[in-house]
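Colleague: For reference, the chains in residue letters:
Protein chains: 2
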Amino acid sequence: MTDLTRLTLAQVHALAWQVLRAHGVSDPQARAIADTVTAAERDDCKSHGLFRLPGYVSSVRSGKVTPDAVPHLHELAPAIVQVDGQNGFAPLALQIGCGPLAEKARRHGIAALAVTRIYHFAALWPEVEALAAHDLVALAFTAAMSYVAPAGGSKPLYGTNPMAFAWPRAGHPPLVFDQASSASARGEIQLHLRDGTPIPAGWAIDAEGHPTTDPAAALAGAQLPFGGYKGAAIALMIELLAGALIGEVFSFEASALDNHDGGPPVGGELIIALDPARCVGHGDRRRQLAHAEQLFANILAQEGTRLPSDRRYAARQRTPREGITIPRALYEELQRLAGRETT
Amino acid sequence: MTDLTRLTLAQVHALAWQVLRAHGVSDPQARAIADTVTAAERDDCKSHGLFRLPGYVSSVRSGKVTPDAVPHLHELAPAIVQVDGQNGFAPLALQIGCGPLAEKARRHGIAALAVTRIYHFAALWPEVEALAAHDLVALAFTAAMSYVAPAGGSKPLYGTNPMAFAWPRAGHPPLVFDQASSASARGEIQLHLRDGTPIPAGWAIDAEGHPTTDPAAALAGAQLPFGGYKGAAIALMIELLAGALIGEVFSFEASALDNHDGGPPVGGELIIALDPARCVGHGDRRRQLAHAEQLFANILAQEGTRLPSDRRYAARQRTPREGITIPRALYEELQRLAGRETT
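Residue numbers (my numbering), protein chains in the order written: chain V, 45 to 387; chain Y, 45 to 387.
The list makes no distinction among identical chains, and a pair is therefore deemed to hold if it is satisfied within one copy or across any two copies.
Derived SDA-like pairs (lysine to any residue); straight-line CA-CA distance at most 20 angstroms:
(1) 199 with 337
(2) 199 with 344
(3) 199 with 348
(4) 199 with 350
(5) 199 with 351
(6) 199 with 254
(7) 90 with 231
Since the hints were made in silico from the structure, they are not lab data.
Please work from the sequences and hints to get the whole structure.
Modeller: Structure follows, in structure tokens:
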């Protein structure tokens with residue numbers, strides 16, 4: 045059994061911040077990343093929590109990412125705002141863009157945020173959830189490294205290209221989903237490789253384009269989109285929305301540019317926010333909120349269902365009291381990276 | 045072999061218009077529907093072509109749809125326009141909304157169109173393609189009758205909920221996809237029932253919630269979303285965007301309201317349009333268009349791939365010269381419905 049270390053959420057934040065600061069990441073950048081890492085640990089999303097910090101650090105050490113980047117805000121159109129991340133990590137750029145996007149969405153009814161020149165190494169739910177906290181409906185799209193074959197093809201081209209969606213609720217945290225357009229996360233295949241277990245059919249093809257359940261062959265071949273050609277169409281749409289539409293790279297270009305230091309590739313993100321109160325003629329926001337609750341109640345009335353994010357929200361109830369755990373080896377690595385004494 | 049009748053596209057349009065006019069559909073409504081039906085026949089999308097006309101007619105005969113509805117345009121916010129379809133069919137409401145939506149998208153960079161109180165009995169690609177003709181990127185979402193089980197559930201709740209996307213191209217018709225969030229169209233299951241063949245695994249569950257390949261059991265049970273819980277999340281998002289967000293019904297409400305006359309249920313549609321020239325700091329539209337072409341070239345460089353809509357566009361090259369064919373029995377039915385002499 046893995047030896048675990050228990051931390052409070054405040055300790056998670058402090059540790060993340062200290063690791064980043066020890067490597068020259070500016071205070072605003074480090075705080076924004078620590079916020080994202082802490083939110084992931086709070087919600088028991090381990091793959092985007094403290095586990096990510098060595099990757100952030102190596103992207104600074106390799107010189108790929110600018111650790112003290114100051115994102116620049118530009119208005120491209122009355123309802124379009126751009127944050128140029130200036131080659132820094134994504135969280136600060138996203139935090140800077142959220143308020144202006146929310147303001148534009150409230151003023152115009154709908155608005156978009158184009159985030160460019162960022163290194164995104166986290167989930168998308170934090171940014172759509174932040175917009176839902178402004179009582180906005182939000183969609184987010186980002187591309188990534190080239191790992192997924194197009195429909196009918198056999199070679200990697202698309203990223204695992206997640207999209208996220210948030211719907212604000214009254215008296216509940218928002219309904220949120222955040223899902224890759226690949227059948228599986230790349231990390232899941234890597235876990236099967238580590239554990240010597242086959243991957244499920246439908247996740248990947250080998251380098252010759254044949255279906256495979258061998259994780260090594262899958263990593264050397266291509267991942268498959270979820271749901272066949274329909275998932276591939278969504279991956280293609282995300283390439284366009286987070287790439288050419290906002291003047292950013294496609295996944296295959298991000299892969300070609302990357303130095304493979306273990307951190308994220310450069311890229312962009314598109315976020316669309318709608319003010320629901322401005323989308324109905326009657327303008328009655330309470331009625332609109334109550335209407336959506338009827339749908340959620342009808343979903344939950346069926347045995348075996350749950351709403352997306354319910355597992356995250358259950359963890360969120362628990363972790364402020366109980367704290368979180370990480371493998372002791374990771375804790376010790378982070379202590380070293382923070383320049384702290386290790387036990 | 046089915047006995048076929050060949051028609052020119054002009055004859056398709058005239059026949060559709062005459063059938064509708066003979067049943068009291070107003071000239072503007074009939075023209076808009078005939079445009080949509082003709083576009084479907086032109087692109088060899090038979091399931092949305094002349095085959096649909098008896099359903100349009102029965103929805104008028106049953107008193108469900110207002111055949112001479114005059115859609116009303118409202119500005120809900122600087123970047124949100126609503127078309128209240130006034131209980132009429134969708135095509136005219138969509139045609140009326142397209143220009144104002146395009147104008148708002150160009151002015152603000154992004155805009156949305158909420159179409160309400162419509163009866164939608166066609167594909168979504170005509171509306172996103174119309175926006176691409178204005179050099180806009182477009183997304184469209186609509187819900188429908190309650191046929192699809194939520195993730196983990198076993199009873200119908202969501203509609204087959206299509207979404208469509210269009211990306212304008214230089215020198216080519218736009219890249220467009222238009223796909224249901226169900227694993228299959230309902231009509232495909234009905235064809236298997238008619239032909240006495242099993243449906244593929246993964247399309248549906250029976251009334252007890254067990255996977256089935258029996259088309260009759262599938263129609264009595266529930267369809268499944270494409271790609272498991274990820275497709276279900278997209279279906280859920282579409283319920284919210286085309287339902288509560290714009291003050292319209294969910295699929296389960298549309299089903300409850302419907303009189304099952306063989307025509308479409310009442311509902312809404314959300315369309316989002318972005319002006320790509322306003323989404324990039326450099327504002328260089330030609331560079332942006334050329335960039336996207338690199339992605340398309342990389343897709344097509346892989347053996348076995350094609351771009352979404354390529355089959356439709358191939359038909360579009362062919363049908364203006366060669367015309368289209370429909371079963372003679374359908375042709376004769378339409379002649380009767382048009383009040384023409386039958387041969």
